[in-house]
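**Student:** Protein chains in written order, with numbering that gives the first Met the number 0: chain A, 0 to 396; chain B, 0 to 396.
If you are wondering where the hints come from, they were derived from the structure by calculation, not from laboratory data.
Everything numeric in this text was worked out from a predicted model, so none of it was measured.
Some hints here could point you the wrong way.
Keeping only pairs whose Cα atoms sit at most 35 Å apart, straight-line, the calculated DSBU-like set for lysine-lysine is [claimed, not checked]: (1) K305/A x K49/B; (2) K388/B x K14/A; (3) K388/B x K49/A.
Next come the chains, spelled out residue by residue.
There are 2 protein chains.
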Amino acid sequence: MTNFTKTKSLFHLPKDIIYLDGNSLGPLPVTAESRVSHMIREEWGELLIKGWNEADWFIKPAQLGDRLAKMLGAPPASIILGDTLSIKIYQALASAIDLAADRKIILSDTGNFPTDLYMAQGLISTINQNHELTLVEHEEIEASLNENIAVLMLTHVDYRTGRMHDMQKITRLAQDLGIITIWDLAHSAGAVPVDLTAANVDFAAGCTYKYLNSGPGGPAFIYVAPRHVNNIKPALSGWLGHDAPFAFDLDYRPGPAIERMRVGTPPILQLAALEAALDIWDDIDMANVRAKSIELSEMFISLIEKNCPQLILASPREAAKRGSQVSFHFRDGYAAIRALIERGVIGDFRKPDIMRFAITPLYLNEDDIIKGAQIIADVVNSGIWKQDKYHQTNPVT
Amino acid sequence: MTNFTKTKSLFHLPKDIIYLDGNSLGPLPVTAESRVSHMIREEWGELLIKGWNEADWFIKPAQLGDRLAKMLGAPPASIILGDTLSIKIYQALASAIDLAADRKIILSDTGNFPTDLYMAQGLISTINQNHELTLVEHEEIEASLNENIAVLMLTHVDYRTGRMHDMQKITRLAQDLGIITIWDLAHSAGAVPVDLTAANVDFAAGCTYKYLNSGPGGPAFIYVAPRHVNNIKPALSGWLGHDAPFAFDLDYRPGPAIERMRVGTPPILQLAALEAALDIWDDIDMANVRAKSIELSEMFISLIEKNCPQLILASPREAAKRGSQVSFHFRDGYAAIRALIERGVIGDFRKPDIMRFAITPLYLNEDDIIKGAQIIADVVNSGIWKQDKYHQTNPVT
Numbered sequence: 000m001t002n003f004t005k006t007k008s009l010f011h012l013p014k015d016i017i018y019l020d021g022n023s024l025g026p027l028p029v030t031a032e033s034r035v036s037h038m039i040r041e042e043w044g045e046l047l048i049k050g051w052n053e054a055d056w057f058i059k060p061a062q063l064g065d066r067l068a069k070m071l072g073a074p075p076a077s078i079i080l081g082d083t084l085s086i087k088i089y090q091a092l093a094s095a096i097d098l099a100a101d102r103k104i105i106l107s108d109t110g111n112f113p114t115d116l117y118m119a120q121g122l123i124s125t126i127n128q129n130h131e132l133t134l135v136e137h138e139e140i141e142a143s144l145n146e147n148i149a150v151l152m153l154t155h156v157d158y159r160t161g162r163m164h165d166m167q168k169i170t171r172l173a174q175d176l177g178i179i180t181i182w183d184l185a186h187s188a189g190a191v192p193v194d195l196t197a198a199n200v201d202f203a204a205g206c207t208y209k210y211l212n213s214g215p216g217g218p219a220f221i222y223v224a225p226r227h228v229n230n231i232k233p234a235l236s237g238w239l240g241h242d243a244p245f246a247f248d249l250d251y252r253p254g255p256a257i258e259r260m261r262v263g264t265p266p267i268l269q270l271a272a273l274e275a276a277l278d279i280w281d282d283i284d285m286a287n288v289r290a291k292s293i294e295l296s297e298m299f300i301s302l303i304e305k306n307c308p309q310l311i312l313a314s315p316r317e318a319a320k321r322g323s324q325v326s327f328h329f330r331d332g333y334a335a336i337r338a339l340i341e342r343g344v345i346g347d348f349r350k351p352d353i354m355r356f357a358i359t360p361l362y363l364n365e366d367d368i369i370k371g372a373q374i375i376a377d378v379v380n381s382g383i384w385k386q387d388k389y390h391q392t393n394p395v396t
Numbered sequence: 000m001t002n003f004t005k006t007k008s009l010f011h012l013p014k015d016i017i018y019l020d021g022n023s024l025g026p027l028p029v030t031a032e033s034r035v036s037h038m039i040r041e042e043w044g045e046l047l048i049k050g051w052n053e054a055d056w057f058i059k060p061a062q063l064g065d066r067l068a069k070m071l072g073a074p075p076a077s078i079i080l081g082d083t084l085s086i087k088i089y090q091a092l093a094s095a096i097d098l099a100a101d102r103k104i105i106l107s108d109t110g111n112f113p114t115d116l117y118m119a120q121g122l123i124s125t126i127n128q129n130h131e132l133t134l135v136e137h138e139e140i141e142a143s144l145n146e147n148i149a150v151l152m153l154t155h156v157d158y159r160t161g162r163m164h165d166m167q168k169i170t171r172l173a174q175d176l177g178i179i180t181i182w183d184l185a186h187s188a189g190a191v192p193v194d195l196t197a198a199n200v201d202f203a204a205g206c207t208y209k210y211l212n213s214g215p216g217g218p219a220f221i222y223v224a225p226r227h228v229n230n231i232k233p234a235l236s237g238w239l240g241h242d243a244p245f246a247f248d249l250d251y252r253p254g255p256a257i258e259r260m261r262v263g264t265p266p267i268l269q270l271a272a273l274e275a276a277l278d279i280w281d282d283i284d285m286a287n288v289r290a291k292s293i294e295l296s297e298m299f300i301s302l303i304e305k306n307c308p309q310l311i312l313a314s315p316r317e318a319a320k321r322g323s324q325v326s327f328h329f330r331d332g333y334a335a336i337r338a339l340i341e342r343g344v345i346g347d348f349r350k351p352d353i354m355r356f357a358i359t360p361l362y363l364n365e366d367d368i369i370k371g372a373q374i375i376a377d378v379v380n381s382g383i384w385k386q387d388k389y390h391q392t393n394p395v396t
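Please model the complete structure; the sequences and the hints are all you need to start from.
**Tutor:** Take a look at the structure:
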């Protein structure tokens, strides 16, 4: 059994803060600062260029990919770290379209995170071969699958409501029609159990700075099913994805397996922080995390609904259909979130009216949920969010 | 006048090491560790998600872009940080091809760094509209320009020999024929004076971990001439390049000016290290750096040629045609570099026979050059590099 009292002690959490925003940026693992400092001082400072060999910088994206693979039901050498999620989605999409040959439609839902849709639009415009991005409501996905569709690209857990697709079922339905699947795991990795092999997923990508706690701008990851990886021709054919990067050949030749999804020089400082963050996951049973997340989420929903009738549940009521977050509709959610942050309860707001709270058992316990729910009720019921200052916008909101 | 005794004290250099590899990875600025630690502890740790506003994380790529712009003769809001150089080259190429309308040829030289060529190959294959990458020898570039060429993509300073193109002249010749220019500044930024405005460059990109000393995997940068930037349609249309990223619209709409070349979440730890590295450049006159680099390079060439006749100069003899590195041909260069590294002189090797040494006045002085040249002569002349152990290959060489 995962000891959640122990895991909570592995994070630095600011005094008097209840942090319900781990779906946006995970908190600081207590070992991350010293890990990064060590990397800077002893590796960059002392080894200099030799760090690429002697400190394993060069193989770090694959090493950490293998550690993530264990968490996500993927075989070794099927996941690699690097770049941002947007870039990894572009790579997956370009490869998937290529595999799909003559089919022209990319299907997604309106609940997908916009950058996935934007990257698809940019790729479609670059390819300029009459591909189309078709968006339907999330509940219409299954009925919309047909043999004209090249690629189904979905985010597993909706960033606004936490609504979760049935990855295994939808993948099977899609594949029965010859459709290639891409799953965005931004709100899944470290949040809910994922088994890429059991679900027979074709491509997946995700980020590490949310539930995996790698810090702001931590590298993204990409998964390619072993059955595809040697058949794909990378669109972003960077030198570190070359079969022999240090041969400096003039022609690109893709590297073995997932190595070909590397592009340029990996961000070694961010990877050091990610490594510290992944250490925490070594002793953790994801089934325990899921059970605890559901227990805390049910408690949170019940407290908010009891004490705060103005907030209307936006997440699925059925726990099995929800990721590791709980969201509520509230017309003045933006101002209410600002007022909450000022009182030490950090959640966030998503347009048009969503108050979003991540439930992360690694560093949140029952007391946090009870206290957080109480402060939310106090703030919403008091109407203090009506003050002008809470209605001013930030560059990042 | 730049005080180079002072600038040397701003770097951590390992004991008994003469570091002649700053064209591969710059050394550690002494303030970088504490800067990154502060960012981790006080910003990530204490501000958590609020760091995006309160610690300026969101605007950091543009803020640091403006600082780089001052060094590179570019106006404010024309340079932005992020991703890797390979990705930035892809963005520049996709935009340039789009501007070039019906022309199909991308011209480059065989001295370009391979990732630029690979990214062009990947883009050409993705566009699938009969674009072609044509490579000529570097001295044939001017004679190869014609009105069928869409884009001229060159690396300003050759990564192997340090041979430098005349950026201003070639840009003008190309533009007279309606060709769009892309300059890779990997071995130029922080190495030689660059004036993007005076040279009327269309696009440029570069990395920060070489002569700018931002640490392994530091973010890349891209420049787009203000006359083009509002006409380009990003191929990598990520959410942070959107006009209103937090509106979460379903359709991409490019952001203002260079903001549209942002893609995903920026690497905040790497940006903190870059910020510490850029502080050093604030008080530096690039003309002084160039003069000192030439003085040290001439001294180095003269000492090596005098004491080490087996090494044949691979760099241009004329200082004005050379970047901030000096290279020599030596058949057993790989083994000789290995033997040198063991003796504290760090240079590197590039196939087929190039021994490469960066001359970086910010942290190298006359004593280092004299001592380094002496050890190189001792190692090469003694034949100690014939030992088997120096002929074994590393993953990264």
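**Student:** Hint by hint, say whether it matches the structure.
**Tutor:** To see whether the hints hold, each was checked on the structure:
no. : hint           : in the structure
1   : K305/A x K49/B : holds, 29 Å
2   : K388/B x K14/A : violated, 55 Å
3   : K388/B x K49/A : holds, 16 Å
Checked against the numbered hints listed earlier, the structure breaks hint 2 alone; every other hint is satisfied.
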